[in-house]
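A.B. asks: Whole structure, please, built from the sequences with the hints as guidance.
Residue numbers (numbering that gives the first Met the number 0), protein chains in the order written: chain A, 0 to 344; chain B, 0 to 344; chain C, 0 to 344; chain D, 0 to 344.
It should be emphasised that the hints constitute simulated quantities derived from the structure, not laboratory data.
From a predicted model like this one, the values you see are computed outputs, not experimental measurements.
Each hint should be verified, as a subset may be incorrect.
Pairs of lysine-lysine residues, derived as DSS-like cross-links and limited to a Cα-Cα distance of at most 30 Å, are as follows [what the hints assert, rightly or not]:
# : chain 1 : residue 1 : chain 2 : residue 2
1 : A       : K219      : D       : K219
2 : C       : K110      : C       : K219
3 : D       : K110      : D       : K144
4 : C       : K110      : A       : K110
5 : B       : K110      : D       : K110
6 : B       : K219      : C       : K219
7 : B       : K144      : B       : K110
Some chain D residues well away from chain A (every beta-carbon gap over 12 Å; in silico) [said to hold, decoys possible]:
#  : residue
8  : P49
9  : A262
10 : S290
11 : E332
Beta carbons: idealized from backbone N, C-alpha and C, even for Gly.
The lines below spell out each chain.
Number of protein chains: 4
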Amino acid sequence: MYFASDNAGPAHPSIAEALIRANTGYAMPYGADVAMERVRARLREIFEAPEAAVYLVATGTAANSLALATLAQPWQQVFCSPVAHIYEDECNAPEFYMGAGKLFPVGEGDKIDPAALAAAMGDSAEISVHNAQPGPLSITQVTEKGRIYTCAEIAELSAIAARAGQPTHLDGARFANALVALNCSPAEMTWRAGVDAVSFGGTKNGCVGVEAVIFFDPAKAREFELRRKRGAHLFSKHRYLSAQMEAYLADDLWLDLARRSNARMRMLADGLRALGARFLQEPQANLAFASLPRLMHRRLQAAGAVYYLDGSVEGPDETPLQARFVCDWSLPEEEITRFLEIAAG
Amino acid sequence: MYFASDNAGPAHPSIAEALIRANTGYAMPYGADVAMERVRARLREIFEAPEAAVYLVATGTAANSLALATLAQPWQQVFCSPVAHIYEDECNAPEFYMGAGKLFPVGEGDKIDPAALAAAMGDSAEISVHNAQPGPLSITQVTEKGRIYTCAEIAELSAIAARAGQPTHLDGARFANALVALNCSPAEMTWRAGVDAVSFGGTKNGCVGVEAVIFFDPAKAREFELRRKRGAHLFSKHRYLSAQMEAYLADDLWLDLARRSNARMRMLADGLRALGARFLQEPQANLAFASLPRLMHRRLQAAGAVYYLDGSVEGPDETPLQARFVCDWSLPEEEITRFLEIAAG
Amino acid sequence: MYFASDNAGPAHPSIAEALIRANTGYAMPYGADVAMERVRARLREIFEAPEAAVYLVATGTAANSLALATLAQPWQQVFCSPVAHIYEDECNAPEFYMGAGKLFPVGEGDKIDPAALAAAMGDSAEISVHNAQPGPLSITQVTEKGRIYTCAEIAELSAIAARAGQPTHLDGARFANALVALNCSPAEMTWRAGVDAVSFGGTKNGCVGVEAVIFFDPAKAREFELRRKRGAHLFSKHRYLSAQMEAYLADDLWLDLARRSNARMRMLADGLRALGARFLQEPQANLAFASLPRLMHRRLQAAGAVYYLDGSVEGPDETPLQARFVCDWSLPEEEITRFLEIAAG
Amino acid sequence: MYFASDNAGPAHPSIAEALIRANTGYAMPYGADVAMERVRARLREIFEAPEAAVYLVATGTAANSLALATLAQPWQQVFCSPVAHIYEDECNAPEFYMGAGKLFPVGEGDKIDPAALAAAMGDSAEISVHNAQPGPLSITQVTEKGRIYTCAEIAELSAIAARAGQPTHLDGARFANALVALNCSPAEMTWRAGVDAVSFGGTKNGCVGVEAVIFFDPAKAREFELRRKRGAHLFSKHRYLSAQMEAYLADDLWLDLARRSNARMRMLADGLRALGARFLQEPQANLAFASLPRLMHRRLQAAGAVYYLDGSVEGPDETPLQARFVCDWSLPEEEITRFLEIAAG
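C.D. replies: And the structure:
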């Protein structure tokens, strides 16, 4: 009964097996492997972006930090949600990669409000040399609170950035979960909505450790390659990153896995709602924040359920305590059933 | 007939299979996996260093850059060979991780000369605030030219650094190859010889992509952890790094693989010498620089042999041209035999 | 009628003349001049801090950035007001000098709220390696909105920082203006209230361009010196910084000038209040934010008064528009009288 | 008898008086002062470069570091002499401002050898992502050993850089001393010889503390302004920088002062040569390295002469010991006469 994160489960067997299949003979190192050629072609096809620059790295923080550093200058600030992963959970990695840039937290919530963004980006005519200069917008899709921007919402935000002369980055650590929930195409959720660069997550959705970074305009491709090497993120035995991504994309596995984890969350959320849980916001993908009575939490914890609590389970039985639940692709339905039975008492 | 690098071969099957074995159920992320506990214990045992801080990263450049940044200050310079990997082949990654520190190339050769080092580190009484301040020493073992420092040589160099109040780092991307050639213990080649931190390579010697960083004094352990996260090198699904390293260390696989690649190089070198090749320096591990007649190179290239040439193969038949040869663990003996037959003409 | 800033007026004649007096013969460069010895001794005396490390730089941003960089680590965040000069007006200089650290804006106002600070610094037991780590507190005294922290307020905030193991920096670009308003001693406003390092401003209060940085604990003195040189802020002809600061401190000139500019602001504020102006907050030092009718602004602008407006003067005559007024030491009383007469219409 | 440096003498009275003249009334801060308009126009005229971007900073290290950072990328290396000020005497400031770039020491001497430069810049077709990428060339004029590049030599070096697609920076901390020695025009010594950016020194040649940075192509002007602010080198009371530079340029004072210090050095060198001194290289500007008998040094030191010695004066009377001598503009002829008399014994 593990609901703590989607980075603690195993890789999908197809992906693990792909590593074994890749493990034969010599292969050109440092991204010159032929599998990378296929990955690049496939991602361009999936995104309907035949010119896109496509790279692989092993961690989501690397994908975000390198993408933002390539889009931004050190005297700029990146606009993001105050609960964005880049703002709260990367130990100043984006600032480090940007060469000491700044992240500006827009508004209060997990989804960036267009009016707040427009106000924060300001009137560039008034930006003096004393201020941090306006830089890129970074949107987190799925948000850290489990919500999803519609394509229209992304387009509205990216248009505000574009009016300030700035590009838009999409942190898609859970790209697939958002995509299947929206039932749109990758192009619709990205470049057609004004997104310039994407961190396309694999690790949380069934890979061992691989993320793609995609720039729809390849003008900065060489700069990204140099930044990746300088950041020590260029793998010598790159074929093992390529193999993962190739298997991830094959036969729509990436979409299947996301549908699976989203469905698990719906099953969990429906069950919890029936038990009276209140949700911070309606779960749309594979994570949710729900308030349950402390007594219920104590039963679940005693039975070995693993998830994050926003406080102590000690306290009056019926007082609510919020928790975060994440379902990964590998979570068995029976575990949810068992979890709900224990919760029901 | 692939002699271009030891990062283009496959992982040893035991290591690949370890990834599959690790691929089941949930595991604590970010280095809190139980396999990492075992890896830490095993490396402490191997190094006879029960207090050592032990970490895993996926690339050699990350290991070196993070280790040096943890030992150095941004206003210092790291002393190294002018052909060191950190100086020539990491696209300013050490400088980046050090926060804009400097690397000072000592002398001319691949092995650092003690007198040149003593002169370069200078009389710290004379170092003013205007100069880059003396920082750590970094020794590359095996050197980029294929030579090996004896334990006594390492001790002599580290003593010079220690007299200047500076620690010593050992870039052991080919740690095992040096160790088996010296026939000494890991402790003898490191902390007993005055080494403070080691980049302990796995990738070039049969892993998929894993390097350990070991600090014999754990005082800076927390700082390293923060630097690793900030550098985006902390893996969420860390178990797959642990699994590789665990399999690498099991049953002395790491030593067997190094013996194998060193032996392949001896076979190749003996064969080439018999054909009249001249060596830049006597090969001691698994790489060598040898001069062969251009005609011989042309025959080899035509037959599909892959290795780096230091110039064009065009030219008078008998004129010599230097080439670099590297043997990895997976290189079949028959390939060497075939290579030598073609070379012989 | 210049009320735009206290950095646009001239230096006090005593300070300018000190430059001339210093301009004779040879003097040791780079801070080894004998005048610096006297400055150091005098500041230690004024602050009742015989061990303090004392340095001079030429700009306030240099003083703040170098002080914070010396106190903080790159993976930390500095806690400050969201309208602090370091947050809004230094174009990422603090982040740059910190080696890509972060500034965390606490709460909403110009004065940091203790409860908000305690919440922001958090429970360090919960800080994981993923988060920016807690770093120093930086207090701006006088605030950017013209208010002053009492010594007790400073002590309360610094105690919160100390509980989190963090030092406190005081940005005293207008140190003297606060001090004379509080009528306390420099020691009371700083180290006795838990402040560890001070940017002690001279430029805004009658100097040509000089600020002192004072560390009450000299442990990091050498590090500061290296950071200053590395930041290109170590003057070769340092005597001209020393001469300014010496003249500034002589015969309590610094206090006289601050009393003068504060008094000018009181005169201006009293006059504006009599004309119906509303103040954002009661002016306590030499700057104020006041709302006046647009008609009044138009008259003043037409007459050549210079100050910052928070919007356009176009609009209905009686609608209020906020403006910022700053009085520097050199502002003649007659200019205020004339300004008020014009304002009165 | 002060020959230690040209940064320990006073400012020329005209320049000090200009500070006093500037010290009246209000002036626009942060470089918007009208005096800066005049300085910009005058420097454009002097350099015959009507489009040039012109800025002022207070230290030579700031001028060099900001200029190089504006021309280079963090993954590049700047090519310079191994005894260049930027390489040896700026405590990693250029690396810091470049965002962790590298300086590559070309050859052995103070003057860069064209063949060594061409070899170091390499064949860009062979530069892989692993290497530091080629960056700007930086030439020090006058060199740290007192020699001067001819305009043709500068042109030859800058052409090599240009062939590699790289710009050329000239560190002209002693620009005027070189110019009057060459008897050429500023344009001939810079942009006509392929120089893209100049650090135009004032401090060593009679100013209080001011250096101009000049970009002949203004494309990066805005970036420089942001870098200057971010580096904390933008003066609020900028008029005092402008006033210095304006007085420095007025009536060819800058050239007169350089002629004076060069002439002093010739007088000193002629006298020392007559006493048997041997020069490291023929002095061309205002600094020289000369070997004198230890006995002579002991007499001079006993009499209070100040200059840098390359070792201890203890030793056999007639054994030579090298010393560095610098003449600044303010050095009285009588001091040189007295020095030579003492030296003669």
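A.B. asks: May I ask which of the numbered hints given earlier this structure violates, with the numbers listed in increasing order?
C.D. replies: none
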